[in-house]
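Read in order, the letters of the sequence shown correspond to residues 14 to 887 in our numbering.
Since the hints were made in silico from the structure, they are not lab data.
A quick note: this is a predicted structure, and the numbers were derived from the prediction, not measured.
All residues carry an ideal CB built from backbone N, CA and C; glycine is no exception.
One or more hints might be untrue.
As the list claims (entries may be wrong) - Cut-off 27 Å, straight-line C-alpha distance, at most; resulting in silico cross-link-like pairs (BS3-like, lysine-lysine):
1. K850 with K399
2. K415 with K399
3. K435 with K850
What the hints assert, rightly or not - Just the calculated beta-carbon pair ranges, DEER-fashion:
4. D688 with F486: 55 to 61 Å
5. K357 with L35: 20 to 26 Å
6. W700 with R530: 37 to 43 Å
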Amino acid sequence: AVIALDGENCWDFYEGNGNDFLHSLYRRLSHDPDLKTVTVSEFLAEFPSQRSLARIHPGSWINANFDTWVGDQEHNVAWELLSEARDFLSERERQADAPAELAAARREALIAEGSDWFWWFGRSHDSGMDQIWDSLFRLHLRNIYMSCQQPPPASLYQSIVKDAESSASKRPDRKITPKLNGAVDHEEWNAAGYVDVTALFGAMHPPKGAIRRIWFGHDDRNLYLRFDLLGGGRPPRAVELEMLFSARPGRRPDGEGDAGGWPKRTGRGDFGFDPAFRLTARRDGVDFQLELREMAPAVAGNPPRWAGRATAGEALAFALPFEALGQDPGERLDMVALAYEDGKPVEQLPPTGSIAVRVPGDGSTSRENRPLKILLVSAEVAPFAKVGGLADVAGALPKALKAMGHDVRVVMPRYGSIDVEKYGLRAVLTNLGVPLAHQPVNADVLEGRIGENIPIYFIENQQFFGREGMYGFWDDDARFIYFSRAALEMLRPLGFQPDVIHVNDWHTAVIPNMLARLYASDPFFAMATVLTIHNLAFQGVFGYGTLHLADLEPWGLIKAGIPGLDDIVNLLGRGLYFSDIVNTVSNRYAEEILTPEYGEKMDPLLRAFRGKLHGIINGIDYEVFDPLTDASIAARYDVNTVEKKVENKLALQNEVGLPQDPAIPVIGLISRLYDQKGLDLIANIMWGLMRLNLQLVVLGAGDARYEEMFRANARDNPQKVAATIGFKPVLAQHIYAGSDLFLMPSRFEPCGLGQLISLRYGTIPIVRATGGLADTIADWDPVKQTGNGFVFSAYDHWDLYAQVVRALENFRQPALWRRLQANAMSTDVSWANSADKYVRLYHAAIANHAEATEYSATAAGPYGWSEPEKAAGS
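When you get a sec, could you build the whole thing from the sequences and use the hints?
See below:
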């Protein structure tokens, strides 16, 4: 009779994982007088085999082949390591006569072979614990060599499985300063990072220690650690907790152990970093006594570097000063937690890799002075192709970055409207194979210049971009996925390896996703990413087939648990998820989009990643928008000669067919004619505006009802209204220079460029306090003579009307008006300040990317620090 008990799954539901039951069963079988228990070897010795199989046929289980056991890269490596260890053991058996050593080595080999180790390698099966089983497998192979007093091969300290994300861990969202009084305020710790021990191990290999979850975070001075203990703050057993911390870069411990009895074999091969400090937490009544000491050298009687006490209430939480750890600001600090029971190690957390944080402080000054290599990827760039403000940003920001000494390059599609000869474009790559839906589709790469010295590359493919227009086609997902992939594929042939890739809006937001999933194993593409959201309303929403186009379908949809987002492909949402830093184009808009009112149904995802969300206001290109050098306007002027501005006003009135009168205030409106821009407010007060002493000059296109409204008013009130439906860049310059006031009552406005240009030309904006308008326009105070415009808050047409009336009253006071114009023209709306903030953001992205990459780095194994015999039964 053969009794075969499956070793997995069912025993989790037995008390003590089934150990008591199995021991009782085997004991009764062994002591039953009517039964004789034998091993397989004993049975075969007494009853030799009668026949031999000529060959082994694949079974019908799992695809009727051996794919579960061998064939892919991970399985093959594991088999090779096992084979090498077996060959070593066989050779050792022939050469040595040490029965105890050989017995221990054979036992380690049997443990490695007898487990289901092959199940945890390969992508066809994923337990969520592959790295743990990988580490255990290599641990037992290492123990074969160590049992024979031989050093294991270096290959056994290298992970077999590919890195995978773990839902059992989270990086900190932002700085924290929690209260440390024994109670846990969960709101204070929500922004911290954590490693969830029970989730890390799963049900198949449950932890036997005392820690359920480790929380970690910091402020400018302290590292905060919190241990959620199994059984609450009073574990039933005598448990001692320890933390090991890494050395400062370039510093290695001088010794191999200390007087405290720490195992000697500790180093990079065991943890993935060089331990320099050990923090012990020993129970002392209701408190824990904390001591931080150097690992080596240890001198008896030396005081600890730091000591403290912590009360264990719901959890053990304490603050450790960064100063005590001797780390420089900006450097990475690695740490692992260790739990001991009765002086014996019972767990290491995380079981592979380390917990990593960056020491706060301005330690990156020298790095920030180093010129960065930056690739800006945009669907439109002025002056080559423009639909909205994105083109202005993509054309102007690189100039400011170049002026700061950075190597910045730009890439965009070569639309059919872009004249190769006009811009002097030349081919630098031909027949570049760009993967799309797992098939190469060739592209050419052309090169031109922004200004005199900034390279801009154009992705040319007639199928996708050789048509009239830029957006709104049935295959926009394929077009911009192809463009995004081409922007990455061109880098190596061009010999350009950027430090950071700056992507913009949904058209290119898939690039961080591609880098994380398709290029993660290629060191060349270890690039940080910054995503700028210019308008959250446009998100790039498509069906599941879009993932196939991007070669991302093996990873499936991102299930963020957000209704309406979990079952679609939202390219902007994927950019939010995968990018290292996200920014919007104003601080106010960055705050507004966290709310349901402005969040465009993305606010839950934005709130989840608010720790990497920033706001930087746009600037304008002073080379393009400068009333002192603008060749397109009637009279040039600056803040000291603003009286010449009236000549532009008279020229504008003449150009659009309005009566020429310098005393009549002219209000300019340059806008897309949609509700978002506040056109419904304007429509509600048009009757009132026509009763005021003013002229209105309109340039724009959009909703047909608003186009007709302005046409009708221009027809009915030719002395007051001039409307040009469409967009004429030269007329726009004339309106900025010739108007007295500029109307911008937006419902929401991520940044806005119109108000910035109007400030530059001394044309006073009337705006609603939202998004970038709130960040750039301060309400005029005639008493203090501060402010640069007229501002209202409530989205109400009467509030808008009141500001128009107020502006006209101030216009009739020349001295006050001249001061208001001086304030406006003195406002710094250049790219210089914003570019400096972007450089800081790029460095933050690089640091975030490094931390994210390093965070789950695989160490030697979960119990690499234990002696072989202690781990033999793992």
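Results of checking the hints against the structure:
no.: 1; hint: K850 with K399; in the structure: holds (25 Å)
no.: 2; hint: K415 with K399; in the structure: holds (22 Å)
no.: 3; hint: K435 with K850; in the structure: violated (34 Å)
no.: 4; hint: D688 with F486: 55 to 61 Å; in the structure: violated (25 Å)
no.: 5; hint: K357 with L35: 20 to 26 Å; in the structure: holds (24 Å)
no.: 6; hint: W700 with R530: 37 to 43 Å; in the structure: violated (57 Å)
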